[in-house]
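Undergrad: Work out the full structure, taking the sequences as your base and the hints as a guide.
Chain residues, written in single-letter form:
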Amino acid sequence: MNPIDSRIHQALDGELARESLPPELRLVVERLEAAAALLAAAPALAGLEPRVMAAVRRPAPSRVRRLIRWFSAPQAVTFRVRPVWSLALAAVVALLTLVPIDEGNGPMLGEHEGIAQFVGRFPDAQTVHVVGSFNDWRTGTIPLEDRDHDGVWRATVVLPTGTYEYMFVVDGERWVTDRLADRLVEDDFGRENSILIVRTARR
Amino acid sequence: MRLGLLLALVSSPLAAQSVRSRLEGRVPTAAVLTVDSLVQVAAREDLPTEPLVQKALEGGAKHVSAGRIGAAALEMLDQLRDARALLVRAGDAPPATAAEVTTVYAALKRGLPAAVVERVVAAMPQAPRGSALHSVADLAAHRFDPDSSASLIIDAARQGLRGERLLDVATAVLHEQQRGHPRAEALAVVRRELPNVPAPPRPARASVAGARRPDAASPPPQ
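Sequences listed follow chains A and B, in order. With the first sequence counted from 1, adding 59 to any position gets you my numbering. With the second sequence counted from 1, adding 931 to any position gets you my numbering.
There's no promise every hint is true.
[Claimed, not checked] Covered stretches of chain A, as calculated for chain B (at least 3 residues, CB under 8 Å):
1. 179-185
2. 212-220
3. 240-248
[What the hints assert, rightly or not] Across the chosen pairs, the derived CB separations fall in these ranges:
4. 975/B x 202/A: 34 to 44 Å
5. 183/A x 1022/B: 45 to 55 Å
6. 951/B x 154/A: 49 to 59 Å
7. 213/A x 1025/B: 44 to 54 Å
FYI, nobody ran anything at the bench for these hints, they're computed from the structure. Don't be surprised by glycine CBs; every beta carbon is placed ideally from N, CA and C.
TA: Printed below as a string of structure tokens:
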């Protein structure tokens, strides 16, 4: 870059009379002054900043969007818990996890007790009972239920473990063999009893 | 000795009275007398009496005539004698317990040949044989050869399976048959797997929760 003659600076600053300059320097000074005048007359850049900011600014997100963004973005969560409470919390979690919860409604089963489930299909029956050696062949003590009225009658009974014979009694008078049972035996009275083996429920 | 004799003298009439009170009102009067006398005979012979009482109660509940109830009880008394004789033949030291006599009676009643029952009893001198005999009878009821079935169950007992687990052996065989194996092959498959046979699923919690106790549940007959 060529250094500018210092007399030009002085002339532009008014420190040196323009007439004292040689003609070529005087021409440079006049050109510079003309350029300065042009720059001063150029249109103002007022309004540029607001226009740029308007283009850059986005509408404020809604409250729901901000909430979603807060939940989805990683957040630093800090708990200040005394160690004794954290131990207590761990103990409660261990208890809930390891100790079986008693469901409440069911009977407690003994070591020598099991569950017997009786199921029979009697679409037109009004009542169905199961009768056998587990209840001294007393009719009417163990009813089956058809809660959804689909003709399938059920009863779930707690019995001592062992082997029993039984039949269904439909409508108080009709004796019916449980054909779904795996085991049948002659009853010595012209019919067949079903055999039920109750196994311990605690295995 | 004197105390035992005294207890026997006192308890025998009490037991007879107890049997009559259980039967009266539920069994025809003529049958009560017959069954009561048969119960006394059974008691004198150290045979189980509860099956006779149960048979009479069953007949009464089913409105069977007194004659048929008496005949059924008499026939049962003979079968109980046969069962005890089988136990003696199989090597059980007398006196046989009521439970063992009833177990053998039930196995014969289910149609197992006496020779097969005797074989199972002799092979399991110490353990209760109820589940073993039921397991053999379960297979025989599905037309498996009783002798081969007995062999499998005896093998299972020798390999450590006891009590109710022996019932699972028959169940495993029946599953193999359902999978398409011929009977002899189903027996062989399970024998190879012994003593590993699947246990039955535990009762569902919902089933246990919904279960109720019958009002008049009595102790099991055996």
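Undergrad: So, for every hint listed, does it hold in this structure?
TA: Tested hints:
no.: 1; hint: 179-185; result: violated (count 0)
no.: 2; hint: 212-220; result: holds (count 6)
no.: 3; hint: 240-248; result: holds (count 8)
no.: 4; hint: 975/B x 202/A: 34 to 44 Å; result: holds (40 Å)
no.: 5; hint: 183/A x 1022/B: 45 to 55 Å; result: holds (54 Å)
no.: 6; hint: 951/B x 154/A: 49 to 59 Å; result: holds (56 Å)
no.: 7; hint: 213/A x 1025/B: 44 to 54 Å; result: holds (45 Å)
The structure does not agree with numbered hint 1 stated previously, though it agrees with all others.
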